[in-house]
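Q: First to last, the sequence lines map onto chains A, B and C.
Heads up: the first sequence begins at 1 in my numbering, then just goes up one per residue.
Heads up: the second sequence begins at 1001 in my numbering, then just goes up one per residue.
Heads up: the third sequence begins at 2001 in my numbering, then just goes up one per residue.
Calculated directly from the structure, the hints in this document are not laboratory data.
Keep in mind that the hints are not guaranteed to be accurate.
[Claimed, not checked] Only some residues are given here: those of chain A computed to face chain C with a beta carbon under 10 Å:
id, residue
1, Arg260
2, Arg293
3, His384
4, Ser461
Just so it is clear, the structure is predicted and the values come from calculations on it, not from any experiment.
Cβ atoms here follow ideal geometry from the backbone N, Cα and C, with glycine treated the same way.
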Amino acid sequence: MHGDDPRARTVRRRRTRPGDRTIRFRGAAPLFVVLLLALVPGCGSRSGTAPSDEQAPGRGGTLVVAVRVAPDAANPYVARTHASLELANRTLPRLFAEILPATEDGRVELRPELVVDWTVDPDRRRVELTLRDDARWSDGQPVTCADLAFTLAAQKDPDLAWAGAEYKQAIESVECPEPHRAVYRFSRPTPYTLMDVNDIHVLPRSIADVPRAEWRRTDWAARLPAAGPFRIAAWRDGAEVVLERNDAYWGAPELPRIDRIVLRAVPETTTLLTQLLAGEVQFASGLDPASARRLEREPAIAVLRRPGWNYVYLGWNTIDPEAYRAWRRGREAACRRAGQDACPDPPAEIARLAREHPHPLFGDARVRRAITLGIDRRQLVDAHLLGAASVPPSPILAPLPEHDPALEPWPYDPDRARRELQEAGWLDRDGDGWLERDGRVARFTVYVHAGNRLRRDVALSIKRQLADLGLDMRIEPVESAAFYARLFGRQMDAWIARWRVSARVDMTELFGEAACGTGGANFGCFVDDEAATLAAQARETTDAERRHALWHAWERRFREQQPYTLLFRADLFAAARREVHGIETSQANDALAGVESWWLASQATASGR
Amino acid sequence: MRFVAARAVHAVATLLLVVTLAFVVLEMLPGDPAGIAEDPSLGPAEQARLRAALGLDQPPARRYATFLAHALQGDLGVSISRHRPVRDVLAAALGPTVQLAGSALVLSVLLGWLIGTQAASRPGGLAERAVRTLLPAVDAVPPFWLGLVAILLFAWRLGWLPAGHLASPTPPETWTALLVDRLRHLVLPVCVLAIPGTAPVARHQWSAMRRELRRPWVRAALANGVARGRVVWLRGTRAALLPLIALVGLGLPALVGGAVVVEVVFAWPGLGRVHQSALLARDIPLVLGGLVCVSGAVVAGRLLADLLSAWADPRLRRPGGGAR
Amino acid sequence: MRRAALPLALLVGLVAAAPALVPEAGRRSLDSVALRLLPPLSRVPMLVARDGSLVPMAGDPAAAPAPGRPFVVEHGEVVWLRGHGVARRPLGEFRLDEQGRPETTTRLFLAGTDSFGRDLAARLLAGLRLSVLIALGAVAGAAVLAGLAGLAGGLAGRAVDGVLSLAGDGLLSIPRIVLVMALALAVEPGPAVLALVLALTGWPAMARLVRVEVRRMRDADVALAARAAGASPLRVALVHVLPEAAATLAIAAGLRIAPTILLEASLSFLGAGVSPPAASLGTILAEGRDVLLDAWWVLTLPGIALVLFVLAVSRSVDRIQFASETR
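Chain A on its own, in the form it takes in the complex (with noise of 0.2 Å):
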C-alpha cells in the first residue's frame, strides 16, 4: 500500500457486500491490494510439497498450537506477549487486518475487516468509515460506531498508559452520525493516517464499567465477550488457552472450519517437536533454525519459512563517555539544586554533546564504516543461524516501496576496513597487534543481553573478526534489565539488540536528533544533518514517488554513515501438519493468520493416538 499511498489522495470506494471478500475500485487506480485467501506463487520457501488443497475443505476438529511463552491477557491493550495479541486477532474485531508480507514483491497491505468502506480526506485531517452491519459481539450487542469511540478514549487514556498511545495522539476524536458510521478527526495531518485510526484492535463499550486503572488486574478471558471466529472457552493461565468457535462472527456459520484451537505453552524444544511429531501438536510457530532444519525431514510435517519483520543490528554511542559522564553530574547536580526528582537528559543538550565531543572511535563514520565492512555477516548468518538469514543494507526493510531494492549492503572487505581506519587515524604504531591513536587503544565493550544465547555467540564470532582488524572488542553479557538500565544511562559503547519493525517508515524515531534525551529510542545519538533533512522532508511528503525517492536518498546517507551495523534480518520458522490446510503463507507478521478458513483432513491425529 506505500506504494500507491492512500494517505495522499481522496479515496472512495463502493460498497460492498458483507462477507464479499473483493473490494471493486472506482477511479482509475487500485490503491489497496487485496489478497484473496490464495497461494501467492514464489511466497515464501515451503519444504517439501505442501499440503494439498485439492480436496473440498473440511469442517470441524481441534487445532492444536504450540507457542514458546503464553498469552498473558486476552485483552491486547494490557498484553505484552506477542502470542496475547496473535490471540486477540482471533477473537476480537479490527478495521483492517494489517499485513507485513512475505515475500519479495509483496505488498503491505489493509485487509478490510469490520470496515466496508473508507474515505480518507486530501488533507488528511478526516478520515470516514462505514461499518459492516452484521458484526456482533458474542453477548449479542451489534458491533458499531459506539464502540469505537469507547475503545479510543481508553487508547488515550493516560491511566491505561498503553504503549501505542502516541500514535493516537493526532486523532481529536470519533464522530458517530450513524451505528455502522465513522468519522474520525485528525488535529494534525499523519504521514499513514489510516494506520493510526486502525492500531489495534476494537473493544467493546460493554466493559466500560471497569476502571481504566484496574484494566492490568482483570480477568479479561471471562469479561470480554468476542466478535472474531473464536471466543475464549477456557483460559489456564500460563499453561493453556481454549478457543471454540464464535457463533456470533460474521462469518458464520461458513468460518471457521475448525470448531477449536487449543493455544498450549511448550516451553522446551524437543518436547515441542515430540509432540509435534506424535501428533499432539499440528502447529508450532517460532522454531529456530535448527529446529526448522531438522522437521523438514519428517513427512509428515511442512515447514513454513517467512522473513521476519525486525532486524537485529551492533549499535554505536557516537557520544565521547568521559564528556557525557561530566556533563551528567552537572546536570544532576543543577536538578538537586532545582529540588527535581526526575533529571531526564534534555535531547538538544545530548545532540550538542555528540557533535562537539564525538566518540574517540564510534564518532567518526569511517570507524564505523571499517566496522561493518570488517564484520563478515554472511558468515554470521550462515553459522549462527543456518543461513536462514538476510543481510539487510537498511533498516527499511525489503520489500517496503521506501526501500531502494537496488541498494547493496556493504561487502565483506577486511582489507578496505583497513584503510578507513588508517585515514581515520588509527594505526598499530606499537606492534602489538592493537591500533592507537593519541596513545589511546581502539578497545571497547560491547554489551548483549545475557539471557540471549544467539547473540552472545554472534558477538563472539564478531569479537575474532574485528581481532583481524586489530580493534580489541570486549563482551559484557549483562541481565535484561540491566541492560537497558546502561542503554539508557549512556553507560555503553556498543551493544546488540534488535528492532521490530511497523509498516510505518519514521527514521527520526530511531535516528532523529528529538529522540537524543531521555526516553528516545536513538540511544547513541546519532545526529547528521544531511539524513535528518532527509527524514524530516520523507516524513512531509505526500506524493508517494516523491517521498519514496527520499527515503531512498536517506539509505544511501545511512549506507555511507553506518550509525548501526545492521548484522542480520532472521526468518521466522513455523511448523504444521500435514493434516492441516488452507494456511496461508503470504503474511509475515501472524502465524495464524486467517486461521478461520484453515482446515483438518483427519481427526485421527488431534486428541493423541
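Given chain A, put chains B and C in place with the hints provided.
A: Below, chains B and C alone, put in the same frame as chain A:
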C-alpha cells in the same frame, strides 16, 4: 499442648523470616519489575504512571508493610506479568503440582521403603546389591537430563507416552478414558521426579532396618515363632518409621525444587513453572506469593512431621504434653 | 582414611589440570559451518592454511566436490566440502606439498562436535573443571559458614542459638533452586558469584550437624574436666570442641559436593547459571537440549560424564566416611 504451641510459634517465625528474606533479595534484582524500563515505546511520563498503577512508586519499607498487612488477610497482591490476583495464579498452579509432587513423593517413599526393607532383610540379595551400586548412580542423575532422555525414548522413539502437559487437548468422553488419559500424562514426569527421591529413602530405610533387625527383640520374636516376614515388615517398619517421617519432611523443599525443572521439561503448568517464569519476568508479587505458598506448605509439613514423630515416639513428647 | 581419600584427590586434581591436557586446537575455533554436529569418533580431514590454521572439510557427503573426496583442485582454486555446500579459495592460500598439492591433516573428534562446531571432548573437560571449581568453592564457603554458625549455636547463649536455628529453618524451607535463581539473577552472573550464592544458601543443614557435635563435646567429660581445671571457654572450644566438629563437618561437606554440582547444572539449565563463553557442564547440557533429536551426543555424553563424575566423587566420600567411622 505446650509442645504444639512452641512448634507453631517457631513455624510462624520461620515463615516471616522467609518472606522478609525473599523481599530483600527481590528488591536487589536489577532494573524494573515487568520490564517497564525496557519498553522503549513508553515515555518517561507513561512509565511513571504505570509504576504508580502497580504500586511500585512507594518506598520498599512501605511496600513490605503493605504486603504483610494484605497477606495476613489472604490477599497476596496482583501479578504484574499475568494481570490477575496472585492468589488465583497460585490456586490454578497448585493442583497440577500437588498431583505431580504428591504422586512422586508417594512413589519414591513406597519404592524406597520396599527396596530398603528388602535389602535389609535379605543381605546379599538382589535388593541389597541394588542399594549398594545402583542407588548412588540414581542420586547422580540430573532430573532435567533424565526428563529429556525419557521424552526421547518413550515419547519419541517408542511413542508409548505423551511428551508433556496435563491431559490431551480434546478430553475423552467417558470418565475411565479421561482417567487413563490423565494417568498416561502423569507417568513420565512423576517417574523422573520420583527416581532421584527414591535413593535417600531406600538408603535410610536400609540402614535403619539393619539396626532394628540386630536388636534383641527381633531374635526374641523369631524364637517365639513369629514368622520372619511378619517381624520384618510389621514390627521393623514401625520402628524405622520415625526417622523416615523426618526425612520426608526435610525432603519436601527439594521435591518442589526438583519439580521446577521437571515442570519446565514436561510443560507441566504447576508452581515450578510459575516460579521460573515469574523470576525471569521479575514479577515480584508473584514470586513472593509463590514463596509464601511453598514455604508455608514446607513449614506446615515440618510441623506435621514433628507432631507425627511425637506420636510415633512418645519420648519426644514433653511430660504433661499431649500431642495428637 | 588417607587411602580412601586418594581417588577423590586424584579426580579433583585431574579435573583441575584439564586445561593442560586439552590440546590447544580444541580451544581455537575452527570453521563452525563444516564442523557442525559431527558424531563422536568423527575423523575430519583438514587443509592447512599458510598461517598454519586448519580448515576442516566436512559436511553432507552428497555435496562433496567429487564423490568420496573432500576436496578437488580446479582452475587454481581449492574446492572443498563445507556443510551443505562447497567453499573455494585460491590455491596460494594453503600450504602445499612437493607435488604442489594442498597439504592435509586429520583430526579426531572423540566426543563429536556441538552445534557451533566445537570439539565436545575439549568442552566437556573444560566444563567439568568449571563445575567442580564452582562446587568446591561453594561447599568450602558453606562449610566455613556452617562451622561458624554451628559453633556459635552450640556454645553461645540460647538467644543466638534460637536466631541461627530460625535462619537455618527459613533457608531450608525455601526450595533452594528458587532462592539461588533469585540471587543469581540479582547480581551479575559469573562463576565466582555463583559459588558465593550457593555457599550462602548451603550452610544450614551442615550447621545443624556441627551444632549437635559441639553440644555433645561441650558436655563431654574432657571438656568439663578442662573447664574445671580453669581453662577459658574459648580455649575449651578451640582445643576440645573444634577438632571433633571439624571432622564431622569435613564428612558432611564431602557429601555436599555431588549434589552441588547437580544443583549448579540445573541452574544453568534454567538460564540462571554460568553464562557463555564460560561453560560449566550445566551450560553444555543446556546447549545440547535444543539439538537433542538431531544429535543425541551433545546432551547424552555430558550427561553421562556428569553422572560418572558425581558417582565417583560420592563413592570416594562414602569410603572416607566409612574409613573415619571405623577408625
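Q: Give a verdict on every hint.
A: Here's how the hints hold up against the structure:
Interface restraint check: arginine 260(A) against chain C, minimum CB-CB distance 28 Å, threshold 10 Å, status violated. Because the closest C-beta pair between arginine 293(A) and chain C is about 8 Å apart, less than 10 Å, the hint holds. Taking 10 Å as the C-beta cut-off, the interface hint given for histidine 384(A) holds, the closest approach to chain C being about 8 Å. Using the Cβ-Cβ criterion of 10 Å, the hint placing serine 461(A) at the interface with chain C is satisfied: the shortest such distance is roughly 8 Å.
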